[in-house]
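There are 2 protein chains.
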Amino acid sequence: MPTTTAAQQRAEAKLSYNAFLEGCPSRQLLARISDKWVALILAALSDEGPGTEGGGEPRAMRYSELSRQLTGVSQKMLTQTLRALERDGLVIRTVTPTVPVTVTYELTELGVSLQQVMRGLKQWAEAHMDEVFVHRGDYDAREA
Amino acid sequence: MPTTTAAQQRAEAKLSYNAFLEGCPSRQLLARISDKWVALILAALSDEGPGTEGGGEPRAMRYSELSRQLTGVSQKMLTQTLRALERDGLVIRTVTPTVPVTVTYELTELGVSLQQVMRGLKQWAEAHMDEVFVHRGDYDAREA
DNA sequence: GGAGTTACGCACTTTGAGGTGCCTACTTCC
DNA sequence: GGAAGTAGGCACCTCAAAGTGCGTAACTCC
Numbered sequence: 001m002p003t004t005t006a007a008q009q010r011a012e013a014k015l016s017y018n019a020f021l022e023g024c025p026s027r028q029l030l031a032r033i034s035d036k037w038v039a040l041i042l043a044a045l046s047d048e049g050p051g052t053e054g055g056g057e058p059r060a061m062r063y064s065e066l067s068r069q070l071t072g073v074s075q076k077m078l079t080q081t082l083r084a085l086e087r088d089g090l091v092i093r094t095v096t097p098t099v100p101v102t103v104t105y106e107l108t109e110l111g112v113s114l115q116q117v118m119r120g121l122k123q124w125a126e127a128h129m130d131e132v133f134v135h136r137g138d139y140d141a142r143e144a
Numbered sequence: 001m002p003t004t005t006a007a008q009q010r011a012e013a014k015l016s017y018n019a020f021l022e023g024c025p026s027r028q029l030l031a032r033i034s035d036k037w038v039a040l041i042l043a044a045l046s047d048e049g050p051g052t053e054g055g056g057e058p059r060a061m062r063y064s065e066l067s068r069q070l071t072g073v074s075q076k077m078l079t080q081t082l083r084a085l086e087r088d089g090l091v092i093r094t095v096t097p098t099v100p101v102t103v104t105y106e107l108t109e110l111g112v113s114l115q116q117v118m119r120g121l122k123q124w125a126e127a128h129m130d131e132v133f134v135h136r137g138d139y140d141a142r143e144a
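Line by line, the protein sequences are chains A and B. Under the UniProt record's numbering, read the first sequence as residues 1 to 144, first letter to last. Under the UniProt record's numbering, read the second sequence as residues 1 to 144, first letter to last.
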């Protein structure tokens, strides 16, 4: 028997996750940005493409344009992720009934503010991830 | 046939993910903090418990202590996550050969600096997630 | 008149993160 | 001498996120 049974843990969780677990806004935010393509879509829509080095000016993009920039994304996941972002008020979807229908996506003000935070992550990553990789190498070398 | 076949996309990805996809440090960082328990462990180790409202002073904690605070975590996941964080140089594991062996975990300097960034996320969440929830409600209401 | 484009929808399948249960060695307490 | 606590290891299972394939409506171009 483990220190506490699974049933006990579940029961406790139901009572005490009120402020620190599951339902709290921070967890929800993490769940959002953890989606595989969310960060990339936000980055693309704020013009942080690979070659461009844009100043981060928010920019409207077409579905096909996004699909080209996010190399490897499936059409299903792109649509699904964009819908989720639209639902959360982070992007706006605009349909223009042209010859073949044109759909553009653009960051909202809320989306832009979130992207600012994501930049903080990016900066930390650029500053410290190499250090993390060194640690990983050392750790793995010690194991072998 | 979709606009590009899956095989084509894979081939392109292999050539062009150098700076914007997969291997880039930002993605790696996201993968780390997306682990279900990472954020909570970092928070606990920097004394951001639910009732305490600690000032964020980094604090060494025992395995069992963490297990109690992170309501609902399984022993396997706690061990697994702690090992990953140790491997990345974000926490230090200290074994003291007392009566029953005592193991403590503590944030490294690197871990503390990451936790700072996580606080940025937390602050955005506290400031804007309610707005997101409103958007969700509106969106869902329109659908029905 | 058939091929191509845009922006998807739908159904099926796969993959891996996470969960669960069962096990340990050592010691101390009652 | 059996129960309990500490810090895990190991093997199996589940389920949801992500991927794959195929279809579509409307129109246009050649």
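Don't take every hint at face value.
In silico DSSO-like links for lysine-lysine, alpha-carbon gap of 27 angstroms or less [to be verified]:
{"id": "1", "chain 1": "A", "residue 1": "Lys76", "chain 2": "B", "residue 2": "Lys36"}
{"id": "2", "chain 1": "B", "residue 1": "Lys122", "chain 2": "A", "residue 2": "Lys76"}
{"id": "3", "chain 1": "B", "residue 1": "Lys36", "chain 2": "B", "residue 2": "Lys76"}
{"id": "4", "chain 1": "A", "residue 1": "Lys76", "chain 2": "B", "residue 2": "Lys76"}
{"id": "5", "chain 1": "A", "residue 1": "Lys122", "chain 2": "B", "residue 2": "Lys76"}
{"id": "6", "chain 1": "A", "residue 1": "Lys76", "chain 2": "A", "residue 2": "Lys36"}
{"id": "7", "chain 1": "B", "residue 1": "Lys36", "chain 2": "A", "residue 2": "Lys36"}
{"id": "8", "chain 1": "A", "residue 1": "Lys122", "chain 2": "B", "residue 2": "Lys122"}
{"id": "9", "chain 1": "A", "residue 1": "Lys36", "chain 2": "A", "residue 2": "Lys122"}
{"id": "10", "chain 1": "B", "residue 1": "Lys36", "chain 2": "B", "residue 2": "Lys122"}
Calculated from the model, a selection of chain B residues having no Cβ within reach of chain A, i.e. all distances over 10 angstroms [to be verified]:
{"id": "11", "residue": "Ala39"}
{"id": "12", "residue": "Glu86"}
{"id": "13", "residue": "Val95"}
{"id": "14", "residue": "Thr98"}
{"id": "15", "residue": "Leu110"}
{"id": "16", "residue": "Glu126"}
Derived by calculation from the structure, the hints in this document are not laboratory data. Backbone N, C-alpha and C define an ideal beta-carbon position, used for all residues, glycine too.
Right, here's what the structure says about each hint:
{"no.": "1", "hint": "A/Lys76 - B/Lys36", "result": "25 angstroms, holds"}
{"no.": "2", "hint": "B/Lys122 - A/Lys76", "result": "30 angstroms, violated"}
{"no.": "3", "hint": "B/Lys36 - B/Lys76", "result": "13 angstroms, holds"}
{"no.": "4", "hint": "A/Lys76 - B/Lys76", "result": "34 angstroms, violated"}
{"no.": "5", "hint": "A/Lys122 - B/Lys76", "result": "30 angstroms, violated"}
{"no.": "6", "hint": "A/Lys76 - A/Lys36", "result": "13 angstroms, holds"}
{"no.": "7", "hint": "B/Lys36 - A/Lys36", "result": "14 angstroms, holds"}
{"no.": "8", "hint": "A/Lys122 - B/Lys122", "result": "16 angstroms, holds"}
{"no.": "9", "hint": "A/Lys36 - A/Lys122", "result": "15 angstroms, holds"}
{"no.": "10", "hint": "B/Lys36 - B/Lys122", "result": "15 angstroms, holds"}
{"no.": "11", "hint": "Ala39", "result": "6 angstroms, violated"}
{"no.": "12", "hint": "Glu86", "result": "7 angstroms, violated"}
{"no.": "13", "hint": "Val95", "result": "15 angstroms, holds"}
{"no.": "14", "hint": "Thr98", "result": "18 angstroms, holds"}
{"no.": "15", "hint": "Leu110", "result": "6 angstroms, violated"}
{"no.": "16", "hint": "Glu126", "result": "6 angstroms, violated"}
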